[in-house]
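K.L.:
Add chain B to chain A, keeping to what the hints say.
2 protein chains.
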Amino acid sequence: MSTLYHHPMSAASRFIRLVIGEYAFEVDLIEERPWEKRKAFLTANPAGTLPVYVDDNMRALCGPFVIAEFMDETHGVLQRERRLLAEEPFQRAEIRRLTEWFLLKLEQDVTYPLCRERVYKLQMGSEHGGGAPDSRVLRAARANIRQHMKYLAWLAGNRGWLAGKRMSYADLSAGGAISALDYLGEINWDEVPAAKEWYQRLKSRPAFRALLADRVRGVVPVSHYADLDF
Amino acid sequence: MSTLYHHPMSAASRFIRLVIGEYAFEVDLIEERPWEKRKAFLTANPAGTLPVYVDDNMRALCGPFVIAEFMDETHGVLQRERRLLAEEPFQRAEIRRLTEWFLLKLEQDVTYPLCRERVYKLQMGSEHGGGAPDSRVLRAARANIRQHMKYLAWLAGNRGWLAGKRMSYADLSAGGAISALDYLGEINWDEVPAAKEWYQRLKSRPAFRALLADRVRGVVPVSHYADLDF
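So the protein sequences, as listed, match chains A and B. So the first sequence is numbered by full-length UniProt numbering: it starts at 1 and just counts up by one. So the second sequence is numbered by full-length UniProt numbering: it starts at 1 and just counts up by one.
Keep in mind the hints are simulated off the structure, nothing from the lab. One thing to keep in mind: the hints can contain errors.
[Stated by the list, open to error] Not everything, but these chain A residues come out facing chain B in the computed CB check (under 7 Å):
| hint | residue |
| --- | --- |
| 1 | 59 |
| 2 | 61 |
| 3 | 89 |
| 4 | 90 |
| 5 | 93 |
| 6 | 96 |
| 7 | 97 |
| 8 | 105 |
[As the list claims (entries may be wrong)] Derived list of chain B stretches under chain A, where covered just means 3 residues or more per stretch with a C-beta under 8 Å from a C-beta of chain A:
| hint | segment |
| --- | --- |
| 9 | 47–61 |
| 10 | 88–95 |
[As the list claims (entries may be wrong)] Here are some chain A residues the structure puts well away from chain B; computed CB gaps all over 10 Å:
| hint | residue |
| --- | --- |
| 11 | 27 |
| 12 | 29 |
| 13 | 43 |
| 14 | 82 |
| 15 | 92 |
| 16 | 125 |
| 17 | 165 |
| 18 | 200 |
| 19 | 207 |
Each residue gets a CB set at the ideal place from its N, CA and C atoms; glycine is no exception.
Same shape as in the complex, but just chain A:
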């Protein structure tokens, strides 16, 4: 069986778990703490990023973009209507643009700083920078959330799914990030009804169940985290 090295609060890891769930195949999950810089992990992925997918033949695929393209080439291409990357090059470009948006731009502005301050620093030893959250970092990241949620609501309200009429990697990458932020109670859903409606649809997919069952030691999720109707 193949293996996915992941962290439960990593948006990119959650994205790939959703892709694997949608394409209905199974992997072993191994939790990795990338800040510990395990030698075997860095050998598989010198960039030290999550997730890393290792197939039956011990070949490693590194990071969400590389894994998602590989999954499209080996699984998506056989799926027709359920393919998560479109057929037409411009539509594929839009899906990829948004996937990068959620896993690089939203990550940098919001997801990574909040997860680092509120979760990773609890798990890190002091030698890796662990400790109490930095309130300035929290404030800056929270100031960025609202613009990002407005953009997401605009996409969902105008297009149905984020990149168009069909669910795609754009939705699953957003779902990876948003579900981590929602776990932490960082999203004010009342302000963005179109985004809420989109997230309800996404949450009700069977592939989402494993994410909603995730619990991080020492961090209690917001009360509505696993509710499909919140």
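P.N.:
For chain B alone, coordinates are given in the frame of chain A:
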């Protein structure tokens, strides 16, 4: 004709110019200074990253990864031996991993800090953070170069081209970054003969000529910048 919004010192812009050169089609180049946050530019690419490719029908493609995949789907697929992304999924994954390595990891550790301190800050008004280079940032970035050049030399020495036996996006993305750093005289070629031999081969390609003719106002290139035999 289509248009590429680029900056002459942006590694990602140079990468896409090399791809366009290898596939031998023409674009208009327009220099963009992304820190000025021009409204029309942010409308085309809300992430504000370079390069942005706009086709004849005014459809925009944002960032090096999205553009490179689009070029593969619309041009590469017709090229056979000269295709810059392989056919086999694992080989494609390795090319993509290295392309990300050079345009995200090397960019963060080395290319962006050096270009920002030495070039962009000359061009920026003080309202955008312009001014004199920060010597601590320069020192940190220069300390990172050596490890990166060792890795590049290892790849070139063991594989011929960086991702295998054929030239690929891995070489052109590395070439985009390395040529910008070489312009600034930041690379000590004597320490890495295998990387030097690789860069000589890459530099001699016709697609490289336009890059070697680039000059940035106020920043004189190192004397060997345009020499094929340096």
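K.L.:
Please name the hints from earlier in the document that this structure breaks, with their numbers sorted from lowest to highest.
P.N.:
Going through the list in order, the structure violates hint 15 alone and respects the others.
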